Structures are given as C-alpha cells and as structure tokens.
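**Q** So the sequence lines, in the order shown, correspond to chains R and W.
Numbering-wise (this note's numbering), the first sequence opens with residue 1 and increments by one.
Numbering-wise (this note's numbering), the second sequence opens with residue 1 and increments by one.
These are calculated hints, taken from the structure and not from any lab test.
Please read all numbers here as calculations on a predicted model, not as lab measurements.
Do not rely on the hints blindly, as some may be mistaken.
[To be verified] With beta-carbon atoms standing in for the labels, derived distance ranges:
#1 G153/W / K177/R: 38 to 44 Å
#2 P49/W / E237/R: 35 to 41 Å
#3 N46/W / D344/R: 51 to 57 Å
#4 M1/W / S166/R: 44 to 50 Å
#5 L177/W / E237/R: 51 to 57 Å
#6 K230/W / S317/R: 31 to 37 Å
#7 E308/R / L69/W: 52 to 58 Å
#8 K165/R / N46/W: 46 to 52 Å
#9 D310/R / C174/W: 25 to 31 Å
#10 T185/W / S317/R: 22 to 28 Å
#11 S99/W / K375/R: 21 to 27 Å
#12 K220/R / C174/W: 56 to 62 Å
#13 R34/W / K170/R: 32 to 38 Å
#14 D310/R / K222/W: 41 to 47 Å
[Unchecked claim] In silico DMTMM-like links for lysine to aspartate or glutamate, alpha-carbon gap of 25 Å or less:
#15 K379/R / E23/W
#16 K106/W / E200/R
#17 K20/R / D240/R
Glycine is no exception: its CB is placed at the ideal position from the N, C-alpha and C atoms.
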Amino acid sequence: MNNEFIAKIEGHGNLTIDWKKNQVKLNIHEGERLFEGLLVNRTAEEMHWITPRICGICPIAHNLASLTALESALGIEVNSTTVLLRDLMQCGQMIQSHSLHLFFLSLPDYLGIDRGTELAQKNPEAFKSALALKGISDEIAKIIAGRSVHPTRTTIGGFHKIPTKSVLEKLLKKLKKTEQDAKNALILVSKIDFPELKVELQLAALDGSKIIAVSSNNIKGRKESPIGDYKEVIEEEVRDYSTAKFGKYRGEEMLVGSLARLAVYGDYDKKYKIDFENPFYNNLAQAIEILTYHQKAQKIIEKLLNNEIDKKIAKPSKNPSLRGIGTTEAPRGGLYHEIHLNKDNIITYANIITPTVQNLTSIEKSAKSLLEQTKNRSKKELERLLVMLVRAYDPCITCSVH
Amino acid sequence: MQKPKIAIYDFTDCEGCQVKLIELKEKLLVLEKRVDIVNWRLGQENNKPGPFDISIIEGTPITQHEIDLLKKLRKESKILIGLGSCATLGGIPGIINKSQRKKWYKKIYGDNYKPRGIDALPLSAYVKVDFLIHGCPVDKNELIRIMEDLLAGKEPKYRGYSVCFECKQANNPCRLLDNPLTGETGKPCLGPIIQGGCGAICISGGSPCYGCFGLREGAEVKNLLKVLNKITDKKTIDRYFSMFLNKVEK
Chain R
1 MNNEFIAKIE GHGNLTIDWK KNQVKLNIHE GERLFEGLLV NRTAEEMHWI TPRICGICPI
61 AHNLASLTAL ESALGIEVNS TTVLLRDLMQ CGQMIQSHSL HLFFLSLPDY LGIDRGTELA
121 QKNPEAFKSA LALKGISDEI AKIIAGRSVH PTRTTIGGFH KIPTKSVLEK LLKKLKKTEQ
181 DAKNALILVS KIDFPELKVE LQLAALDGSK IIAVSSNNIK GRKESPIGDY KEVIEEEVRD
241 YSTAKFGKYR GEEMLVGSLA RLAVYGDYDK KYKIDFENPF YNNLAQAIEI LTYHQKAQKI
301 IEKLLNNEID KKIAKPSKNP SLRGIGTTEA PRGGLYHEIH LNKDNIITYA NIITPTVQNL
361 TSIEKSAKSL LEQTKNRSKK ELERLLVMLV RAYDPCITCS VH
Chain W
1 MQKPKIAIYD FTDCEGCQVK LIELKEKLLV LEKRVDIVNW RLGQENNKPG PFDISIIEGT
61 PITQHEIDLL KKLRKESKIL IGLGSCATLG GIPGIINKSQ RKKWYKKIYG DNYKPRGIDA
121 LPLSAYVKVD FLIHGCPVDK NELIRIMEDL LAGKEPKYRG YSVCFECKQA NNPCRLLDNP
181 LTGETGKPCL GPIIQGGCGA ICISGGSPCY GCFGLREGAE VKNLLKVLNK ITDKKTIDRY
241 FSMFLNKVEK
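Take these sequences, add in the hints, and give me the full structure.
**A** If you want it as structure tokens, here you go:
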C-alpha cells in the first residue's frame, strides 16, 4: 500500500502496515506550505484573507479563527449582528464540508460505489438530497461570506457587506425547503452497519473559552482546560515519516470533530445509538450534525430578521495586547490560530493547530486496534477496512500540513 | 466516438479548486457523460494510468515527487491544463521564497527535520502548460466555458479584458479613487492589470484584488505603479504584488 496515495481523502497520505506487530503508520506526503512563516511580515488585515487558503474544504473555519485571533489581539468586541452572521457562516461550513465528505468521499465505501456521482444511478433520491445540501450550504457561504470557497466579505471587526433582510428571507425559505434533505441524509446514514471497533481515545471539543475532553469509554467525566493553554493541552510532535505534526491531548491519543462534539455537547436525539468508542461512528455523527446545523441556521436567520441589523464595523481598543488566540469548531474539530502583531499591525508571529493534526495520532491507534480486533479477514480485506477507517475520520491532510 | 480520457491530479494546495469542480453538481454529471474520468484521486478509487487526452492539474509541484510526476504527466497527456492559482502562478504558497524556506523549516519543525518541499512554483516552471484556468479559487463559469471549448476541440481563449472592466460592470465604486460618499480615500488595487474572468468577486465583497487571475496580456504594470505610488508606500505595493504574482515574471 506504500506507493499510492489513499483515494477520496483531502490531501496526500498512505499507510505502512507492519502485519506482525499490527502496527500502522500514516505517512503524510503533502508538501510544506509554511503558512506560519509566510504570514510573518504581512498585515493583520491580510491574515484572514490568507489563512482560508490553508484549506478549500474548510476555508470559512480558518477565516473565522483568524478573525477572532486578530480581534482578541486588537481588543475588538464585535456587535451581535456580526456574531450571528459568523455563526451562520459556520453552519454553512459544517453542512458544506460534511455533505461533501459523506456523499463524495465516505459513503461510497458503504454503498458499493466508487465515485460519489454514481449515487445518481444507484439511489437518485439520496443523490438529489446530497446536491440540495451542497447547494444550500454553498448558498449560505455565498450570501454571508461572499463566495462558496474563500470568503470575500469578512473583515476585522465585522463585515464589509451584509445581506439585506429580503435576501435573508429568501435564504430562510430555501433552508425550510431543504430540511427534508438533511433528514433524508440522516436516515440513509443511520441505516449503515458500521464495522466493529473499540478504542480508548480522548474526545475533545471547544466550549466557549474552554477545551473540554472526555474519554471515549466514559463521556460523563469532563476535563476542562482554558483555551489559553492550548499549546500545553495539545502537544505536537514531529515524526520523520510525515510533513504534518502529530497531536496528542496531554500525552494521550485524541479524536476531534463531529463524534467528539456529540460526546462533549450531548445535543442530539438519543434515539441514535452512537458508539463513542468506535471512530467509524464519526460518519453518523456528521449526518446528525448536518441536520443540527441546518436547523440552527434557520434559527439564526429568524433572529437576524427579528432584530435591527447593525452594519457597524467594530474598532480596535486604545491599548490592545497585540496578542490573540482565535478558535472555532471547524467541521473536523477544534481549530486554533494564535497571532502576535507589532504596533503597526504587522504580524510578527503566527501559530496554527488544525483539527487533523489532533486526529493523526488516534488514526494510527485506531488502525492498530482494528487489526488486533478484526479476525478471519484476508490482508486485502483488512487493507480495505483500514482505508475506510481513515476516511471515516475525514482527515484533511491539506489542513494538517499548513 | 471514444470519449476523451481525463485525469485530474492535485499537488500541494488547498484543494479548493476541486471543490469548485464538485460544486458544478448537475453540470458535473453532464460533464461526466461527455468524458471518461479515468484518474481522479480525490473523487474515486478506481484510477487508471495514462496516457490521457487531457490532464487537469491543481496545486504547486513543491516536492520532488510532484515535480517528477508533473514531468511524467506532461509526457502522457495530449493537453495539460493548470487548475487554479497554485498551478498557474505558484499561488499563496509562492509568497515564500526558496531562500527563506530553510529558516522556517527550522522554526516550525525543528533542527532534525528533513524537508520535502523545494520551492512553490507554477507548473510552467517545469513543463509546457497548454492552458491556465486561473483563480483562487477558480470561477465556476470560467470552468464551464473552458471545459466546453476543450471538449468541442477548440483552443480556449483568455479573457481579453481586465478585472477593472468586470468591476465596472458589477457597479463597484473604484477602489483606487477617493469615495466622496463614504469619505474613504483610495486604496491599492491590482484590478487594472489583472486578467478578467472572476467577475470582480473579491472587490464586490469589499476585499482587495491581489491578482489571482494573473497579469493580462499587455498589462500596463508601470502605469499602475505610478498610480499606486501616489496612494501608498513601497512596502504595501510589494505586499500586493507578492500575494499571487511573486513567482511570475512581471
């Protein structure tokens, strides 16, 4: 399996399997773009424009993390319209990314097809829903952020441009129309019989100004850390077979993203039986989240329509700290941007930890467990399962090598 | 008639231009009926080797593996197309120059790290490229226009006008000029020298134009510099020109 890159994942990686020791190495081959270096000496106003280019699948997440980092550094408090519009962008981002991953990259594994578009023949109704979800989420991004990929309308302190209430009303109508598609996607995914696997991992998600972690075998026991400690909480390690760093939660393998969010927030319909010890269930968690964020988007628009739209861009405070950490839950998990500025608003330091960096170590641990726990399968079948496992994590190697 | 064999490859980049390809949705299905996508790592598992009628390549060939693969693809492809600014201009990764890379490898990865990346350059630094689909990300309508031309056996053409032209069509007030309505003074903009095709989407959203569509033919760079020098300082001008145009000849 060593020569070819794994298909249907974002970015370039492959597996080295030691069949005797049941060990799996995830080799990451993506070229280093050195974003933390290329940001230095650029202006604050360029940061949230550059960082979305880390990832074309979750550009909005990078945009929002940079903006919050910059606003913290400049002592800016944004108004409630800005907060709502950004939350709406995040909803769009989640649906965009999850529907792309589920329908085009991951579900084909379970449905016996290869390319996502083959679903048009195999299950036309499901394919229609897939396109509807991709369409509505791209539209949210376009209307609020200015473009489906790489925002144009956002700025430090607010928005360059804000949609009118009549545009928001139309968007709400379209959302109401496509809610059934989100439900259809969830029905489809909830019927999948996921491969068996049991791994102990630390599931982590951001909650306000805290990083919350729970163990996959005991999601009741919450461990809290302030975001300011993110570098100690998430330890990054350089490995010789990877251009991405490997992250751990205080020394233990961690999992972030949809499955971790459901474990930490617990805000889902409990009729869905989720096995938090089995990372394959991340796919079901993503489908649940598509519906959650679809409904959340509608509520946000209703709030925007019922309140005064405040177009004002918030200004920096007089004595800003010039240092800030910005975070957001990206589709694949907690995203951290840290920034230092000089008094002329020029970037002097940047540090970025992406969700996939946090997932890489646990992909290897889960892969090892999968080999140990799966009996009576040929090497070929096991290889197939391993690739499915990697895909279930929805890794974004592009992000991880930023 | 046999359908043209298409390969879609990605080198180091954000993959956002392939996302734009998937965003074609129903139109992607129509495209699929007219071509045979025989190799597309992001889209499918069953991938066949060359030769290909058309290879579409996204990203900058930054590692030796990517450079070698690019050269191989050139030999195996009748038509080779660059998709998006990383492939056509070196893109955002091209902000970093080769000489700076060592310092940043050390700072970001530590002393013992063996780097894979060499330099973020456009495809044309290594091979002849038949057509460039510019943009960060590429524009959906441009993607359709160019694919239609290619499939009709026509040689696609670059837009003969600048972003400036499209910006006026979009009814935007000129960024370079003072705006009496808002009281804002003129801001730098590369629109006048950059090839159209984007519909001035960044400027319409309120962001600057950093030139991701590349210089248009016959661009009056010197004349724009005269204007920019009146508005801002040299450092700022350099920053604008280094965003996407750092690795192309001006």
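**Q** Compare the structure with each hint and give your call.
**A** Structure-based check of each hint:
The hinted window of 38 to 44 Å between G153/W and K177/R holds, with their beta carbons roughly 41 Å apart. Range check, P49/W to E237/R: about 36 Å between beta-carbon atoms, so the 35 to 41 Å window is met. Between N46/W and D344/R the C-beta distance comes to about 54 Å, which sits within the given range of 51 to 57 Å. For the hinted restraint 44 to 50 Å between M1/W and S166/R, the CB-CB distance of approximately 49 Å keeps it satisfied.
One distance hint, 51 to 57 Å for the beta-carbon pair L177/W and E237/R, holds here, with the actual separation near 52 Å. Checked against the hint of 31 to 37 Å, the pair K230/W and S317/R passes, with Cβ atoms roughly 32 Å apart. E308/R and L69/W have their C-beta atoms about 55 Å apart, which keeps the hinted 52 to 58 Å range intact. A beta carbon spacing of about 48 Å between K165/R and N46/W agrees with the range 46 to 52 Å that was offered as a hint.
Evaluation of the 25 to 31 Å hint for D310/R and C174/W yields a pass: the beta carbon distance comes to about 28 Å. At roughly 24 Å, the beta carbons of T185/W and S317/R sit within the given window of 22 to 28 Å. For S99/W paired with K375/R, a C-beta distance near 55 Å fails the hint of 21 to 27 Å. At about 60 Å, the CB distance of K220/R to C174/W agrees with the hint of 56 to 62 Å.
A hinted range of 32 to 38 Å for the beta carbons of R34/W and K170/R is consistent with their spacing of about 33 Å. For the pair D310/R and K222/W, the supplied restraint of 41 to 47 Å holds, since their beta-carbon distance comes to about 44 Å. For a cut-off of 25 Å, the pair hint linking K379/R to E23/W is broken: about 36 Å separates their Cα positions. Distance check on the hinted pair: K106/W and E200/R sit about 34 Å apart at the alpha-carbon level, beyond 25 Å; violated.
In summary, the hint linking K20/R to D240/R is supported, as the alpha carbons are separated by about 22 Å, within the 25 Å threshold.
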